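*Asks:* Generate the whole structure from the sequences, applying the supplied hints.
Number of protein chains: 4
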Amino acid sequence: MISAAIVGGTGYTGIELIRLLSAHPEVSIDLLTSRSEAGTRADEIFPSLRGISDIVFSDLGDNTLGALQKCDVVFFATPHGVAMKQAEALTQAGVKVIDLAADFRLQSLTEFEHWYKQSHACPELLKTAVYGLPEINRDKLASALLVGNPGCYPTTAILGLKPVIEAQNEQAERLVESRIVIDAKSGVSGAGRQASLALNYAETTDNFKAYSVEGHRHLPEIEQGVAQLLDSQFTHRIRFLPHLVPMIRGMLSSIHMELTDAGAAIDWQQVFEDSYASEGFVDVMPKGVYPDTRSVRASNRLRIAVHQDNERAELTVIVVQDNLVKGAAGQAVQNMNVMFGFDESMGLNFAPIVP
Amino acid sequence: MISAAIVGGTGYTGIELIRLLSAHPEVSIDLLTSRSEAGTRADEIFPSLRGISDIVFSDLGDNTLGALQKCDVVFFATPHGVAMKQAEALTQAGVKVIDLAADFRLQSLTEFEHWYKQSHACPELLKTAVYGLPEINRDKLASALLVGNPGCYPTTAILGLKPVIEAQNEQAERLVESRIVIDAKSGVSGAGRQASLALNYAETTDNFKAYSVEGHRHLPEIEQGVAQLLDSQFTHRIRFLPHLVPMIRGMLSSIHMELTDAGAAIDWQQVFEDSYASEGFVDVMPKGVYPDTRSVRASNRLRIAVHQDNERAELTVIVVQDNLVKGAAGQAVQNMNVMFGFDESMGLNFAPIVP
Amino acid sequence: MISAAIVGGTGYTGIELIRLLSAHPEVSIDLLTSRSEAGTRADEIFPSLRGISDIVFSDLGDNTLGALQKCDVVFFATPHGVAMKQAEALTQAGVKVIDLAADFRLQSLTEFEHWYKQSHACPELLKTAVYGLPEINRDKLASALLVGNPGCYPTTAILGLKPVIEAQNEQAERLVESRIVIDAKSGVSGAGRQASLALNYAETTDNFKAYSVEGHRHLPEIEQGVAQLLDSQFTHRIRFLPHLVPMIRGMLSSIHMELTDAGAAIDWQQVFEDSYASEGFVDVMPKGVYPDTRSVRASNRLRIAVHQDNERAELTVIVVQDNLVKGAAGQAVQNMNVMFGFDESMGLNFAPIVP
Amino acid sequence: MISAAIVGGTGYTGIELIRLLSAHPEVSIDLLTSRSEAGTRADEIFPSLRGISDIVFSDLGDNTLGALQKCDVVFFATPHGVAMKQAEALTQAGVKVIDLAADFRLQSLTEFEHWYKQSHACPELLKTAVYGLPEINRDKLASALLVGNPGCYPTTAILGLKPVIEAQNEQAERLVESRIVIDAKSGVSGAGRQASLALNYAETTDNFKAYSVEGHRHLPEIEQGVAQLLDSQFTHRIRFLPHLVPMIRGMLSSIHMELTDAGAAIDWQQVFEDSYASEGFVDVMPKGVYPDTRSVRASNRLRIAVHQDNERAELTVIVVQDNLVKGAAGQAVQNMNVMFGFDESMGLNFAPIVP
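Protein chains in written order, with UniProt numbering: chain A, 1 to 355; chain B, 1 to 355; chain C, 1 to 355; chain D, 1 to 355.
Read the hints as simulated data drawn from the structure, not as lab findings. Note that the structure is predicted; figures quoted are calculated from it, not measured. Backbone N, C-alpha and C fix where the C-beta goes; we use that ideal spot for every residue, glycine too. Misleading hints may appear alongside valid ones.
Said to hold, decoys possible - Okay, the calculated bits of chain B under chain C, using three or more residues with CB under 8 Å as the criterion:
| id | region |
| --- | --- |
| 1 | 179-188 |
| 2 | 195-207 |
| 3 | 242-255 |
| 4 | 265-274 |
| 5 | 304-312 |
*Replies:* Structure, rendered in structure tokens:
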């Protein structure tokens, strides 16, 4: 049994962490901090937790760090810029840290400062932090002290591209042309638990739109994923365009690629199936079957379909996940499992909710 | 062609007024005021108005009253408490005023102060203001200078009860028992255009709840409607309970009554059909057909169904309307038509949007 | 480990049973039958089950009964009229039967035939079947062979009325007047997994309506619950009116009662809290807090709030549940737990999904 | 005043036509045919039409053609394959025909037979039918007898590409690379008014998916639009991938192009604004403003935004429309207006419905 803290548990990733960790057989949530809600039971804010957890939000002020240092693992379910202020002191005390925000996702300080419009409190940790995508970084995670939990979109994009980039590296030949279009769609919970006119029900329902058309901060993370994490030997120019879907949870990324002649000679269905054959949370759909987002609703599974059309030289990859689970809190728990040597699926092996 | 002003057109009743008045053959919107959006074109805030209206929000400061006084009619699409400050000066200048908020709905100052938690700037006008329900107050409206546009729920409740109360008065005998339950349901747009966590899409969708369980400010308005407007000779105890439906527009009130023996002898379908035979905007459904809210979506129609079960002594009345049209802006335009002697349906005779 | 069969698992209660039983530590789903889908893996029809269950639908034809008789428990997730044909042979063989349809809910053959428009294959079993509401019938369920799993609406109605009727019986005095209005609202999944124009997304979304206004088959079940199950010493006339809410899961019943003077003297909040103090799945909300349906989404919890207004002599009870869990499959598993002597919450103690 | 007939008015394009034509000052709907609903008033099937239209569905059997021939214009709101059987007889009698299905959209018989899996009853008319996109084919439409109303997706795609292809033709130089990705998203009403499990509310809500991943029949129509209608001097390889959005109405197409060096030298915002400067129903958004689908809900407007990123050589065009109006019935009425010499916006100049 390990002792866990959640910093900032009043958002959607926070409540999802509470839900998942409350059912985890090896974890005890011993600390839940929030400045604004100190003294309030979590189940007052989230009545769905009544009977599930009786934890109370606390604000320990100056004693916060000391209290966190007594835990085995600290999850930051906070806005960008919070984890970076405590990561050093915690990891030096041997506490494992998983940041669900973006403080430790990008290795490049320049990219971080450009996209997140703030300076970084501990830039020297950027290089040592491990990018928390277990399907790629499992070995590093096993000994990691500090983990940057991936963004939701990058999780779909990097896992959707992994078999392609790896096959291309292996053949040392371009299999898909340089230009890749990732046209992505997310449910509204991805925007967080906040008062916002743009997110008002009457503004969002029966409506669809693109956003961040001029550039989204998940783009550099996807580019880093392809170039460094997947170590692509070839350059790719990625157009990433996100859209807002009137649904609560769920994310679908449509990845459009153009096959080279060499790429058309590949059996991509087979490549994808082989690539993920031993993965518990990545499911390659049978040929001709395409997943919808509800097939993973409230679960940690991510499903991928591949469509190859040699006549038109098209390779289309479709990836779905629940943005709050595999795209956030579930992946954080999966990372924790790897970091502590638990079975990777512990506490995560529940079925999606359908209908 | 009359000259109209809309004070505070940045909410949902505001944009609905702009939509309706822009298409009205006898109205020109000459002034649209907003402190927060002064200088902004309305179609920047509501891109749906691009190509429909090029009006600009203005804030005239000290000159506001003067400018409003040059108009023929002023609509207040403002929060409660705004219209009361200018109603006197405007009506004295001969300008007709229609307040879509609650300043002039209740005749009782005590009730107003109790339910709206504020004092009233011109209590002496409460008695002279006309309650803007044309199906009941048409004659008074024809010469009214100051109109309190009804609340959305009271519109359904009072029109749903009108044939019952009138028949009872006529027979001078109780036809329904004293206790009446109005179980009402509204779409989310009724809560207004605002940044609010409770109205966040992810909080509201796939969810249903009762609210104001301990008392809603539309209750005294309904009680006033029954006792004074319909001049009920019998007292009734009304339980009004509203609920929030995950839909943008639409309102349905289920009115539960218990028939007395005398009441069971009545053919209520006939009574309702007779009562509204000459009304253009109130539609009594054929026996056995029950309306859904989308059957009036975006239109000024209100539909009513009646179910009578003598064996169980039950009388059930179901009323639907679009809360933003017949429940707000459309009714305001209907009132304006009556006040200016236009055909009552002018500019309002468009079809609901289905699907 | 017991061996379970699900007859007819292609509907929403079917997949919910598969989801729940797959995670139950003491149950193995050994048989899943469907005539239309024989030979198909369940996860082909419900891709959400990929990785969760590899069970295959089978149609054993003449051997079905024999195969079912080898199981410890058989769940019927079928239309009304199916379970009645096999219940006798199964229970005689010592197999426990839980019917999620209506074949064994009503003890009165007359009522069954009237409301379900069919004759009954084994009317003699109606009296011996146990009504599967563990919070009331726990003792009988412990030794039951044949269980009629309650309808979704009656579950909310009967549990919402239980503390009231019991208090009234105890005091041997009317605490609420005879007339009770149950104004109920359900999500669309309650209508089942079917091709239907009326349930088409474009017909149902952004829409709200009452249905079965002239009488719903859950009414006699509610009346039976009050009169027999709760053994009410006083008669009550119940008006039950259901509505369709544009949401997938969730049910809310608003129960309107009129307090007698004796009833006004009661502290109903306390009565409700006492009544359910030891129940794991019935949660009485703190005074002044009203539950929304998502607070129980995908969980087996049912939450109740009570509002008492002595001045108006009103008692309002608001009940929420997930219609597919506590209102169907979850309650069936809860019943099974009681029938087999397992911990009543085994396999059911998971958190609701919010957002 | 012209006399119009609608063949097959029981679907969503049918009711939308009734809604639009009922309000058209120069049109009388004199005939509405349906085999299945003969004798039924339209407002029995669509209660939203109560008070709007009292037309009755008729089935004239052998006399149908004769009756249609007495009309000035016949709209076919039927499945594919119906209009082709009557088009010849009607046009020979001088009756103008507008088919909202696909019988006369594709000029190539081979393409029609391949994608629609049926033979064509009058292939010789394919070449003389006019493709009903007024913004491109206005002149031909003015004298057309037979019009193939465009598919919903092609309307967004062709109008979204028009300024690009025309500029490229003008410069006689590639401005965008050959590969174009059209990632499109549609509301559910596009699938028609039908009983379908896949379209059941509980299957569709809170869900998102791609469909027709292996090829959609609107692709050849888009390709024809680019190659022939826009007379592209350069070949383009178009990847068209549609998705289903949980909303009733609305369509958004994201068009991804790669700029050549010559293309990067163009000011695309200006090109788009110039291209549509005189169009009443095509609205180019100001630079940096991106339209959502509700900004055109229930209206005939189509809005376009352009984003150019020279550094990444990206040109992104985003197009929204209401699939039932500009994407179907509204465009049909616009075509009719052109064909009869009415003002092109007659009966179509109403505001979108927001919220």
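*Asks:* Work down the list of hints and note, for each, if the structure agrees.
*Replies:* Now for the hints, and whether the structure bears them out:
1. 179-188: holds (count 5)
2. 195-207: holds (count 5)
3. 242-255: holds (count 9)
4. 265-274: With 0 residues in contact (Cβ-Cβ under 8 Å with chain C), the coverage given for the region 265-274 of chain B is violated.
5. 304-312: holds (count 4)
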